[in-house]
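Each chain, written out:
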Amino acid sequence: MSHRSRQLKVSSLARVEGEGALRVVVNDGTVERAELQIYEPPRFFEAFLRGRKYTEPPDITARICGICPVAYQTSACLAIEDACGVELDPAVADLRRLLYCGEWIQSHALHIYLLHAPDFLGYPDAIELAKDHRDVVERGLRLKKAGNALMELIGARAIHPINVRVGGFYRAPARAELQGLRPQLSQALRDALATVRMVSGFTFPDLELDHDLLAVRVPDRYAIESGDLHSTSGLSFAVGNFSEHVVERQVEHSTALHAALDNHLYLTGPLARYTLNRARLLPLARAAAVEAGLGVECRNPFRSIVVRAVEVVYALEEALRLLDAYVVPDRPYADVVPRPGVGHGVSEAPRGLLYHRYELDEDGLIRSAVIVPPTSQNQAAIEDDLRRVVGANLDLDDGRLTALCEQTIRNYDPCISCSAHFLDLTVEGR
Amino acid sequence: MSTPTLGVWKFTSCDGCQLTLLDCEDELLALAGQVRIAQFLEASSAVVGGPYDVSLVEGSISTPDEAERIQRIRAESRVLVAIGACATAGGIQALRNFADVDEFRSVVYAAPQYIDTLATSTAISEHVDVDFELRGCPIDRHQLLEVLTAYLAGRKPDLPDTSVCTECKRRGLTCVMVAHGTPCLGPVTHAGCGALCPAYGRGCFGCFGPMTNPNVPALTAQLRVLGMAEDEVDRVFRTFTVSSFERER
Chain G
1468 MSHRSRQLKV
1478 SSLARVEGEG
1488 ALRVVVNDGT
1498 VERAELQIYE
1508 PPRFFEAFLR
1518 GRKYTEPPDI
1528 TARICGICPV
1538 AYQTSACLAI
1548 EDACGVELDP
1558 AVADLRRLLY
1568 CGEWIQSHAL
1578 HIYLLHAPDF
1588 LGYPDAIELA
1598 KDHRDVVERG
1608 LRLKKAGNAL
1618 MELIGARAIH
1628 PINVRVGGFY
1638 RAPARAELQG
1648 LRPQLSQALR
1658 DALATVRMVS
1668 GFTFPDLELD
1678 HDLLAVRVPD
1688 RYAIESGDLH
1698 STSGLSFAVG
1708 NFSEHVVERQ
1718 VEHSTALHAA
1728 LDNHLYLTGP
1738 LARYTLNRAR
1748 LLPLARAAAV
1758 EAGLGVECRN
1768 PFRSIVVRAV
1778 EVVYALEEAL
1788 RLLDAYVVPD
1798 RPYADVVPRP
1808 GVGHGVSEAP
1818 RGLLYHRYEL
1828 DEDGLIRSAV
1838 IVPPTSQNQA
1848 AIEDDLRRVV
1858 GANLDLDDGR
1868 LTALCEQTIR
1878 NYDPCISCSA
1888 HFLDLTVEGR
Chain L
4 MSTPTLGVWK
14 FTSCDGCQLT
24 LLDCEDELLA
34 LAGQVRIAQF
44 LEASSAVVGG
54 PYDVSLVEGS
64 ISTPDEAERI
74 QRIRAESRVL
84 VAIGACATAG
94 GIQALRNFAD
104 VDEFRSVVYA
114 APQYIDTLAT
124 STAISEHVDV
134 DFELRGCPID
144 RHQLLEVLTA
154 YLAGRKPDLP
164 DTSVCTECKR
174 RGLTCVMVAH
184 GTPCLGPVTH
194 AGCGALCPAY
204 GRGCFGCFGP
214 MTNPNVPALT
224 AQLRVLGMAE
234 DEVDRVFRTF
244 TVSSFERER
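Sequences listed follow chains G and L, in order. Our numbering applies: residue 1468 is where the first sequence begins, and numbers increase by one. Our numbering applies: residue 4 is where the second sequence begins, and numbers increase by one.
Just to be clear, a hint being listed does not mean it is correct.
[To be verified] Residues from chain G that face chain L, not an exhaustive set, calculated with beta carbons under 8 Å:
# : residue
1 : Glu1486
2 : Ala1514
3 : Val1604
4 : Lys1612
Everything labelled a hint here was simulated from the structure, so no lab data went into it. Ideal placement from N, C-alpha and C gives every residue a C-beta, glycine not left out.
Using the sequences and the hints, build the whole thing.
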């Protein structure tokens, strides 16, 4: 087969959240272009947040993404609480973490079973997979449902929860209500361990990343809902300095903006979290990681599905721990009095770092808003992977190589709906 | 009778309403036995051409390309159901309809000339005939199942178009507005969520959009009595279904 000039194109990527396309151009054995094109229409959140009240971003920014609304609500709350100098009651902060665990469980279960596993097992979707392996898909749906159950109890609904407010929650659940979830979460923990065993048996193409990895870190826990930023290259900074280190730039080959960390390529998400925070996993998740063959770090993006499965085990272990330790807070929220100033918030959305920054005026109205979603941070790394995967697999025919490219993109669980309000738009026919 | 086909389509949106279909964890595999999911990009890389017996359309029309694409989908669909606040009212991105979209573009994007967008974000029904509109930001899972069941059985969905208040009363909840003085859009908001916000001690914020024939001016007067300033009243109606509420004010 001649490899002189080849073009691979997928005009509508499937099994990702949102609308994206893939384009690869190979000439004389050299990968000239490898692009993840974003054509999701812009929605202008940062523009219409101006003039809104400081209490509104949790509800408004949740609508950026139906798959990770709690990440948006949390980063928004953190940023506004930071601007207003508010500290949460530890019991309220734990409840926020518990809700976020629910989102990790449902989002990761969705990605592992419905979006990503079909690639490894050779099916177009989970429905077809279920025809041969119904028990596998049922386990995935059971797991996903457990995450949703947690979100529905604390947030009132799984998609765009209504119970989150700046300073905490409208209503704190009773202890007995949370305890009622125990049997379901315990079953889910068994399902999660079975998931790690299943995905660790998949075949993973060779690929090792050498970019810098960036994640949030807290001293005593696997960071989810808050923390400082740390990178494998040794960078360490508080969220207030995020915009000094992470800068979006326009790149020549693409209409998309790419984020860079101190002028270099970096990656956020499961690989970064695992590599930076593995020692902070709870015992079952740590043992599952060892059993699954994950080392002290994980730099093969195809193995991100294993890291996600380990993180589901962790989120369930942590949820059960939080649920048992739960004491109903005296008040479900702290009073937040607006004051002029700037606040920053960052949390670990299932697919990577999500940063919010708000500037408030003296009336508590928003003067400016900046949102940096995970997929716009990871896009440069995704394209770098595409280039390397194509370069290393030129002997595959177009169909198989294109499928491998799509799988490469899915390694990152890209949330294109999230990134679109931020990235430039390429219009593609479909 | 051959197996009916289902298409799920995305326009300008957050993906949450189509996710609702995947959130039917107990029903998904049973549903997949009753219908052929012919087009559902979020969930499958297998794509089957039209025509489609039922199309679920998520999202609003906000680009020239989308305005054309919805015409093709309508032509290929026997029944077309618009799902969610974006598809039925233009969504929160319809806030641009009341602002200067060029200014919005320049605030968000460094190189605004690349951004191909319409000046407005509009409901699907402003572009093509829609057989049913399922409300909500996001839609409710049980209501979605009722819609699918109904069309598969060849009947109209049986869903109330009354207010959130009726659901609130049926649940036996204490009225947050009367008892606590909490501003609540329940009296004018379309039913469907099951009165989630009042159940959590919060006033309804209207994410299902206006009910049929709402008395918005009467509620507005009450919101003022409860101490809401004029700009606050404006903001509370200008969220996820801004276009629909603006028509009722």
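These are the hints, each one checked on the structure:
About 7 Å separates the beta-carbon of Glu1486/G from the nearest beta-carbon of chain L, less than 8 Å, and the hint is met. With its C-beta approaching chain L no nearer than about 4 Å, Ala1514/G sits inside the 8 Å limit, and its interface hint holds. Residue-level restraint check for Val1604/G holds (minimum Cβ-Cβ distance to chain L is 7 Å; threshold 8 Å). At about 4 Å, the closest approach between the beta carbon of Lys1612/G and any beta carbon in chain L falls short of 8 Å, and the interface hint on this residue holds.
Checked against the numbered hints above, the structure violates none of them.
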